[in-house]
Amino acid sequence: MAKAKMVKTKHDDIAVLEKCPTGIKGLDEITRGGLPRGRPTLICGSAGSGKTLFAMEFLMRGAIDYGDPGVFMSFEETPEDLAKNFISLGFDLHSMMSRGLIATDHVYIDRSEVEETGEYDLEGLFIRLGSAIDSIGAKRVVLDTIETLFSGLSNTKILRAELRRLFSWLKDRGVTAIVTGERGDKLLTRHGLEEYVADCVILLDFRTQEQIATRRLRVVKYRGSSHGSDEYPFLIDESGLSILPITSLGLDYPVYNERIPTGVPKLDGMLEGKGFYRGSTILVSGTAGTGKTSLAATFAVAACRRGEHCLYFAFEESPSQVIRNMGSIGLDLARWVKEGLLTFHSARPSLYGLEMHLLTFHKMINEFNPQVFIVDPISNLSAAGTVAEVKSILTRLIDYLKMKNITTFLTDLTHFIGNLEHTSEEISSLIDTWLLLRDIELNGERNRGLYILKSRGMAHSNQIQEFLLTNQGIGLIDIYTGSGNVLTGSARATQEAGEKASEQVRRREADRRLREQERKRNALETKIAALRAEFEVETQEVHLMAEEEQKRQAVQEEDRLDMAQLRKGNPSAPQAKSSKKKRERGVG
Amino acid sequence: MQLNRGITSTEEFEKAVALRDRATYVFRLYVTGMTPKSTLAIANVRKLCEKHLADRYELKVIDIYQQPELARAEQVIATPTLIRKQPLPLRRLIGDMSDEARFLVGIDLKPRNS
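So the protein sequences, as listed, match chains L and U.
Numbers 1 to 588, taken from our numbering, label the letters of the first sequence in order.
Numbers 1001 to 1114, taken from our numbering, label the letters of the second sequence in order.
Be a bit skeptical, because a hint or two may be false.
To give an idea of the interface, some chain L residues facing chain U are shown, with a C-beta separation under 10 Å as derived from the structure [to be verified]:
no. : residue
1   : Tyr-108
2   : Asp-110
3   : Glu-119
4   : Asp-121
5   : Leu-125
6   : Asn-155
7   : Ile-158
Derived by calculation from the structure, the hints in this document are not laboratory data.
These numbers come from a predicted model, not from an experiment.
Every residue gets a Cβ at the ideal spot worked out from N, C-alpha and C, and that includes glycine.
Generate coordinates for the entire structure from the input sequences, incorporating the hints supplied.
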């Protein structure tokens, strides 16, 4: 990439190598765009490594997706066999041929039938290929497997010269060609075809390791272009090849603040009342029978209720068994399966290699596009590989899921030996939210406890909760932690019942005191009322006396005035009256 | 009866062998235009046929530049290719036919390991 960019920026007039997309899932990413356009590419590999299928898919995808007609020149298989092979990939060769998108030619050569009597060339092959290309205006050509010529013709000197000529002829015709070749002992191909095809060489490998076979692909060489140089696992199934590019993953995925409920309200409460972050990775680990699958299924149902798609990988149980068992805790998974929101995929981990598992994950994820992805349990994957391999696979899986903003829910079976806060796959650093389910053995009982070991980016609860599986689903109860004891199960229930009883006694006592006080208050108030009444009466009497006294005084005054009038000797009052009268007269 | 049949089969076999020796050889020679190899091959085949199969051969020269579909139908890969159509089985010879011994082996006029 860097090289190509440099060329582009420094010399804009020099065309950067043009690429021809293959349409094969993942390959175009590895090769940064496809195979070199207008040039031959060598695909080599041992028998059964998928060379022919690779070539076929290149041709078919070209014809269907990119409108490039293609020629398939087969040196090994008859047209009938070829058509059958195409059908197995879901392509109808005959209809493609009648539509003028594909032309085939079967080249047959049998050494026992042929006598070489002097100099010759392979012009016949060129003419046949040329006429096939011209008949449909082909842009893509497949030669499968051209090395068969070496077993049909004995003069390798001529053959090599002619092959060299063939490859340069293909370049001149401007067709993007795939040439397949059988893997040799020391060389990439048995007859050193890589010597002629200098532009792009892809190696397919089919290896068995610990009885598990994995297909791998490697771009050995790509002239004028950077490319992923790792070995990439690939998968062949009814929809063709899929290759998994590993290098395209990184730590630059987007993050979201959206929260999604866990399906257990109390657990949401432990996670700030909001649940998990969308797109985060959740791990539930615990020993056998602690309720990991139940928690996973509850989360799945919660997702389906929100109308989201959920993909459930069950590595231990068949889908119908999971559905039946979860029915016992009141989860109706079958309904969501029927509605198409929940998809199960069940497989034994030992069915195929880890790379294949990863590919299956990718394929299923791309197919169903889920918002929630559940693997139950991941610990079983270690049956298919070493710890380091499992870790690498899970890292890649989690990175991929994060890129797609899919919330991942993994369960992990831990064993009694060793530390519980430890995953056998050593993936704890990849996990955002880690719930631990554990057994609490006390007083001859085994109860389940749940706590949050970690939860990145939120203030989570540090409480251990008792985890109950009821026919109504999952329940979480605060563990009894009073009186310096931690109690669960029936011990908690007994303790709680005892506490309830003494609580009632205390409450009754308090009530009684309250009533007593009330009664006292009432008595006091009555007393106050009586005193007040007495006081009122006294006050009234005082008022009455005062009034009478006033009346008496008024009467006395009147009497005195009367007396004075009678005596006419009251000096004060009449005097004042006469002087006033005099003054009035003087003025007037 | 048994004896009779024995005589009859032997007779038939000898007849067939005699017929085969006198049979007409039908050849198709596929060439590519007038390249030196093509012209050399045509000349060589004519010469060898005249020498070994005078009057009992039939040769047709086909230019696959002109008829590419025949190259496909006859499975011609190398050129020049000489195909012996008759007598059966089909025989294929490739090259410019400059090796007379191999030519004769190729068309079954000489045993292979001589």
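Taking the hints in turn, this is what the structure says about them:
About 5 Å separates the beta-carbon of Tyr-108(L) from the nearest beta-carbon of chain U, less than 10 Å, and the hint is met. The restraint placing Asp-110(L) at the interface with chain U holds, with a minimum CB-CB distance near 8 Å, inside the 10 Å limit. Checking Glu-119(L) against chain U by beta carbon gives a least distance of about 5 Å; that is within 10 Å, so the hint holds. The beta carbon of Asp-121(L) is positioned within 10 Å of a beta carbon in chain U (closest approach about 6 Å), and the interface hint is therefore held.
Among the interface hints, the one on Leu-125(L) holds; its C-beta lies about 5 Å from the nearest C-beta in chain U, closer than the 10 Å criterion. Checking Asn-155(L) against chain U by beta carbon gives a least distance of about 9 Å; that is within 10 Å, so the hint holds. Interface restraint check: Ile-158(L) against chain U, minimum CB-CB distance 8 Å, threshold 10 Å, status holds.
In summary, the structure agrees with every hint in the numbered list given earlier.
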